[in-house]
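If you read the sequence shown in this note's numbering, its first letter stands for residue -18, the second for the next number, and so on.
Certain hints may be false.
Listed below are the simulated DSS-like cross-link pairs for lysine-lysine, each with C-alpha atoms no more than 30 Å apart in a straight line [stated by the list, open to error]:
no., residue 1, residue 2
1, Lys337, Lys297
2, Lys116, Lys96
3, Lys334, Lys344
4, Lys362, Lys334
Just so you know, these hints were derived from the structure itself, not from any lab.
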Amino acid sequence: MSEQEQRLSIEEKMQQILKIIDDSALHITEVAAKTGLNTKTISQYAWRSDVRLHPKFQANRKKRVAALAQEGKTLDEIITEIGLGYGTVKKYLHKENIQVNKSSNPIKPRTRVCKRKPHIDELIAKGYILEEMAKTDGVTREAIRTYINRSGQYSFWRQQREAPITEQKNREEVTRQLISILKQRTLQLAYQESWAQGKTEEYFQSLHRVNKNPRPREKLVKLFEAYKKAEETGENTSFEEIGSVVGYKAPNVRWILNKVGITSLNFTKQYFPRNKRQNEVFIELIDLGLTKTDAAYFCEVTYSTVEMRMQRLGRKVPNARLIKQFSPNIERLTYRLASQVYEAQDLRFENTKIAKLLGVNSKVVDYAIEHRETIAPTIIKAIEIIRGSKPDVPYLQSARINDC
C-alpha cells in the first residue's frame, strides 16, 4: 500500500470517528469498540482534528436526553434507550429544566453488588459483635460494618444482637430479685435472734460496695448491744462512751449508727434549723455584686456554707464577679481583698508594705486605693446588711472587736 493510500485510509478513519462522535453520545470506549481502534488512537485522531471528546460527548448526551423527553418518553424509557444511569439522566433533565413522567414501575438507582461471605453471614445470624467477626475475617470493625450494610443485613444483625442483650438483662433482673429476697430473709432471721444481730446485718446490707477489710461482726454486735442497753436504762451515753466498749472513736460510732438510722442518745437535736435571716443576707449580698467568697468572708462563715445555701435556694451565681481583672498572671481584685487593703491603709501602712503583707501584686493595691471612693460604699453597704447598722469604715475590724 502506497503512502497516499495509507493517508487516505487514515483520513477516512478520522472522518468515520468524527461522524460517530457527532451523531451519537457514545463514550470514547464505545467509539473504540465500534471502529475497532484503540482508545489512545481515537484520542490522537480527535486531537489532530481539534475535536474535544468529553464536552461534545456530554453535549450530545444532553441533546439525546432532551430529544427523547420531547418525544414524550418516560424517565425509565429514556434510561433504557440511552443506557445511562438513573442519576445521570436525572442530572441532565435537571440542568435542562425538563420534566418527564415516571413509569408505574420505576427503575431504581444502580446499587453496588456485594460479594457474600458465608462464614461472616453465619456469625451475623448468631449475633456476634463487630470485633469478633473482624478477628475471624482478619479485617477491621469498619470493614465488617460496611459489609453488613452493603449486604442488606444490618436490621437483621441488630435484631440478633438485641436477643442476647435482652436475655442478659432478664437474667440480671432475676438475679437482683433473688438477692433482694435473700437479703430480706437474712435480715428477718437476724432480728429473730436479737436486736443487735439485726442491726449488724442491716449495717452490712447498707454498704454499697464490698470492703476488703470489713469491720468485725462481733465488734458491731457488741456496739449495738451497748447502745441498746444505754437506751433501755435511759442514760444519755455519748458516742465516745459507746465506742469505748469495742475501741471505736466517736466519729466512727456516729457513722455506723447513722447507717442504720440510729440517733444520738446524748443530744436531742444534732442538726439545727437553717437561719432564714442568714439566707436573706446571702441573697442580698449576691444581688449587691459580691462573689460567694466575698459573702463568706464578710458573714464570717465558710465558703461551702454559702455555696450550699445558694444551691438549695436555686440561685446561680456567676464565677467571674470581680472588681478588676488586671491580667491572667496578676491577682484579681475582689471586695474581700479591697476591704483588707483599706484596713491596712487606715493603719498607715505603705502601698508596697500592704502588697507584701497580703501577698498580692502592687498594681492591685494601687488600683484599690485609687478607686476607694467608688469601691468602699459597696463594702459599707454589705456590712450594713449583715450587722443591721451602717459602719464608719469599709472593713470588719470594728465589728470583730465589738463581737469579742
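Numbers of the earlier hints that this structure fails to satisfy, in rising order: Those not satisfied come down to hint 1.
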